[in-house]
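Visitor: Those protein sequence lines, which keep their order, are chains A and B. Under the numbering used here, the first residue of the first sequence is numbered 1, with each subsequent residue one higher. Under the numbering used here, the first residue of the second sequence is numbered 1, with each subsequent residue one higher.
Just so you know, these hints were derived from the structure itself, not from any lab. Among the hints, a few may not be true.
Below 30 Å or equal to it, Euclidean Cα-Cα: the simulated BS3-like pairs (lysine-lysine) are [claimed, not checked]:
id: 1; chain 1: A; residue 1: Lys149; chain 2: B; residue 2: Lys140
id: 2; chain 1: B; residue 1: Lys239; chain 2: A; residue 2: Lys155
id: 3; chain 1: B; residue 1: Lys136; chain 2: A; residue 2: Lys72
If we take Cβ atoms under 10 Å as the criterion, some of the chain B residues that face chain A in the derived model are [to be verified]:
id: 4; residue: Gly8
id: 5; residue: Cys9
id: 6; residue: Gly13
id: 7; residue: Leu29
id: 8; residue: Gly30
id: 9; residue: Ala31
id: 10; residue: Glu35
id: 11; residue: Glu37
id: 12; residue: Val49
id: 13; residue: Arg73
id: 14; residue: Arg101
id: 15; residue: Gln104
id: 16; residue: Glu107
id: 17; residue: Cys193
id: 18; residue: Gly194
id: 19; residue: Thr200
Beta carbons are placed, not taken as given, at the ideal position from N, Cα and C, and that holds for glycine.
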Amino acid sequence: MSEPTAEPLDLTNLDRTLAREVTPGRWEKMLSCIQCGTCTASCPAAPAMDLSPRKMWRMVQLGLTEEILHSKTMWLCSLCYQCQVRCPRGIPLTETITRLKELALERGIVSSPESEAFYRSFADVMRRYGRMRELEFMVRFFLTSNPLKALGFSKLGLTMLRRGKVHLELPRLGGEGRLDRLCERVAELEGRR
Amino acid sequence: MKYIFYPGCSQEGSALEYRVSTLAVLEALGAEVEELEDWTCCGASAAPVVSDLLGVVLPARNLALAEQRGNGRDMLTVCSACYTNFRRTMNAAADPNRLARINQALEVEGLTYHGTVTARHILDVLANDFGPEAIKEHVKKPLEGLTVAPYYGCQTVRPYSPFDDDQRPTSMVGILEALGATVYHHNREASCCGTSVVMTKPEVGLRMAASVLEACEGADCIATVCPMCQMNLDAYQDKVSRILGHRVRIPVLFLPQLIGLAFGLPESVLMFDRHITPVDLDFTTETQRTQSSNN
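Using the sequences and the hints given, assemble the complete structure.
Guide: As structure tokens, this is what we get:
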């Protein structure tokens, strides 16, 4: 029988920085996770994740920020909120995943470049026109993530054009975007500029 | 019943048929609906990731407009993702510090959000403001012989939605029965269809769509109340068929389209021709046959 290699956890000396950062005002809740695994059992994407949700929440408690940001787990969350509503401790899990994604973008540690392309393309188009232009968003997304992948969606794109589900509109590139001022104000308030 | 209507971006493009059929059905039911002027995107799933504050400021901008122009009316939404963002922002407004911060941002738009307007989902409005009895009174062509699988999806009922059970929702049952349809219950009614990861992680998103479509096989069609679910379940049936190893072909309709069909509203507002998976319900031809033999 081999000797156990892991050091026992020193529970009096946990790094709570990450929990404080991603569950603002409610980090004590995060520390109350009892590792029951209801989150993992409820997650439709769990089988594809490298870290199960249960494991990831333990790592949040331990402050293992780098390891979490390098995993793909948060980018597979489809925001179905099943884990959050079922958590017996009432921890806002899905909301915390959104904060983890924000942290990853902020630190530039994004283990899923296509997800970053997705969120940034969406935000850019929204900011420019105030409303989503679905086709322009899709084109931008594929150009910035993986143009080859677009092939898998191109047949559908053409069908959507034919059915009038998306429209061809010329992108407006210059000038002030509809939501530029609001977005800049928000960035200012968040101390990002 | 009077509402101020926030359509949301998909209602100008991919889900135009949802908007047109919803407005026609509400008109038939005697509701007064006025579109919110100058509305902008709610931020969808992207804004809260790009910035925590932006994720509540963008919905708050529209809620503030609705407060200003709504005169106490509820703000009606048809998209479950918009609905979630609005309800999430309503919750955030309960915290005075957070509300103050939101309003610091809205200053540049000349708006103030007070947290007084209520965002409502179309399913809530149909099921609870009108209800099956009132809907039944307007049915001209009962959907008899049509088996419909209700599909609520995730954000229609979770996590900020107060009008139905977040695990076993039932709001659609009474409505579908009032239309004369047979309800096809299945075990994926409140599961996620995977739409928000289908473009970035298709291998995961399509599998989730497959699990919903597979559960609904056996029904003549699926009824949804979310433009994201509708698109995801309607558009990828070829790919889903490859995953499941057999052909899946099931029309995915917006609930208001089905209500409109039973109300006898014309094809010009039902817009079945916009769907990716053809809406060739045997039932439709049967109705048309009955109709033409009556004429």
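Visitor: Of the numbered hints stated earlier in the document, which are not met by this structure?
Guide: Hint check: 1, 3, 7, 8, 9, 10, 11 and 13 fail, others pass.
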